[in-house]
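**Student:** Please work from the sequences and hints to get the whole structure.
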Amino acid sequence: MAGGIRIISGSARGRRVACAPGLAVRPTAARVREAVFSIQGDRVAGARVLDLYAGAGTLGLEALSRGAARADFVEANRVHAAFIRENLEHMGFADRAGVFCQDVRRFVAQRRPGGYDVAFVDPPYGAGELRHLLPALWDAHIMAPSGIIVVEHAQRPGGPPAGPWHTGRTYTYGKTAITLLHPPGAEPDAGPHGNETE
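Per our numbering, the very first residue in the sequence shown carries number 2; after that it's consecutive.
Fair warning: there could be bad hints in the mix.
Restricting the straight-line Cα-Cα distance to at most 25 Å, the calculated cross-link-like pairs of lysine to any residue (SDA-like) are [stated by the list, open to error]: (1) Lys176 - Gly116; (2) Lys176 - Pro125; (3) Lys176 - Arg79; (4) Lys176 - Glu35; (5) Lys176 - Tyr126; (6) Lys176 - Ala31; (7) Lys176 - Arg132; (8) Lys176 - Arg7; (9) Lys176 - Ala30.
Here are the computed distance ranges between Cβ atoms for each label pair [said to hold, decoys possible]: (10) Gly99 - Ala31: 19 to 29 Å; (11) Val80 - Pro185: 37 to 47 Å; (12) Asp104 - Pro165: 28 to 38 Å; (13) Gly186 - Arg17: 36 to 46 Å; (14) Ala31 - Tyr126: 10 to 20 Å; (15) Gly47 - Ala95: 17 to 27 Å; (16) Arg132 - Ser12: 29 to 39 Å; (17) Arg157 - Arg113: 27 to 37 Å; (18) Ser39 - Gly15: 17 to 27 Å; (19) Gly5 - Ser147: 33 to 43 Å.
In case anyone wonders, no lab produced these hints; they're calculated from the structure.
Every residue gets a Cβ at the ideal spot worked out from N, C-alpha and C, and that includes glycine.
**Tutor:** Right under this line is the structure:
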């Protein structure tokens, strides 16, 4: 997969995303990545972005390319985290980003309230992480009052276990689904793209 991923749009359009060869990582497919940002419209521009289970960091890098004010990447694997730092340097985004090589739930518990406008959550499929993480995100109050959580998960009936979050639209792309979560009463403005289910 090394060298096969490119930024789709924005200031770093066409730039390659370096990935660690031979290690298990599932970068978000280009078609799904484009859909994620099309769904959100202009929300990412100027936003404070969080990329959890960052892997290759493609979602956070794409957000920075499209004008996000800042992106923090959380990735427990040291090799993947090192590649994210390398990509940030090469694309000129290092001064607008942080890379945290630690457990996602530990990171969430340590953050200040209200810090992020958009969070990308892409845990390993089938690992059961969302059941614990989504309540932890709620309890930590790290999302802005109108913040949105974009969850990538395996397509399945019922969507991810949202806990206290309000489940918005779900969009399916083959075996992959994207579900939008937000605080009750703060439904994001997201237009229909892809195969939508609610």
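**Student:** Given the proposed pairing of Lys176 with Ala30, does the C-alpha separation stay at or below 25 Å?
**Tutor:** The hint holds at about 11 Å.
**Student:** Is the gap between the beta carbons of Arg157 and Arg113 within 27 to 37 Å?
**Tutor:** holds (34 Å)
**Student:** Is the hinted pair Lys176 and Glu35 satisfied, with a Cα-Cα distance of at most 25 Å?
**Tutor:** Satisfied, since the Cα-Cα distance of roughly 16 Å is no more than 25 Å.
**Student:** For Lys176 and Gly116, compute the direct alpha-carbon distance and say whether it is at most 25 Å.
**Tutor:** Status violated; Cα separation ~32 Å.
**Student:** Tell me if the beta carbons of Gly186 and Arg17 are separated by a distance inside 36 to 46 Å.
**Tutor:** holds (41 Å)
**Student:** Mind checking the alpha carbons of Lys176 and Arg79 for me, to see if they're no more than 25 Å apart?
**Tutor:** Measuring from Cα to Cα gives roughly 29 Å; hence the hint is violated.
**Student:** Please check whether Gly47 and Ala95 have a Cβ separation lying inside 17 to 27 Å.
**Tutor:** holds (19 Å)
**Student:** Against the 25 Å threshold, does the CA-CA distance of Lys176 and Arg132 hold or violate the hint?
**Tutor:** Answer holds: Lys176 to Arg132 is near 20 Å, not above 25 Å.
**Student:** Holds or violated: Lys176 with Arg7, Cα cutoff 25 Å?
**Tutor:** Holds - the C-alpha atoms of Arg7 and Lys176 are around 22 Å apart, at most 25 Å.
**Student:** Holds or violated: are the alpha carbons of Lys176 and Ala31 at most 25 Å from each other?
**Tutor:** Status holds; Cα separation ~14 Å.
**Student:** Quick one: are Ala31 and Tyr126 within 10 to 20 Å, going by C-beta?
**Tutor:** Given a distance of about 18 Å, which is inside 10 to 20 Å, the answer is holds.
**Student:** Given the hint that Lys176 pairs with Pro125, test it: the Cα-Cα distance must not exceed 25 Å.
**Tutor:** Given that 25 Å is the threshold and the Cα spacing comes to 14 Å, the pair holds.
Comparing the model with each numbered hint stated earlier shows that hints 1, 3, 12 do not hold.
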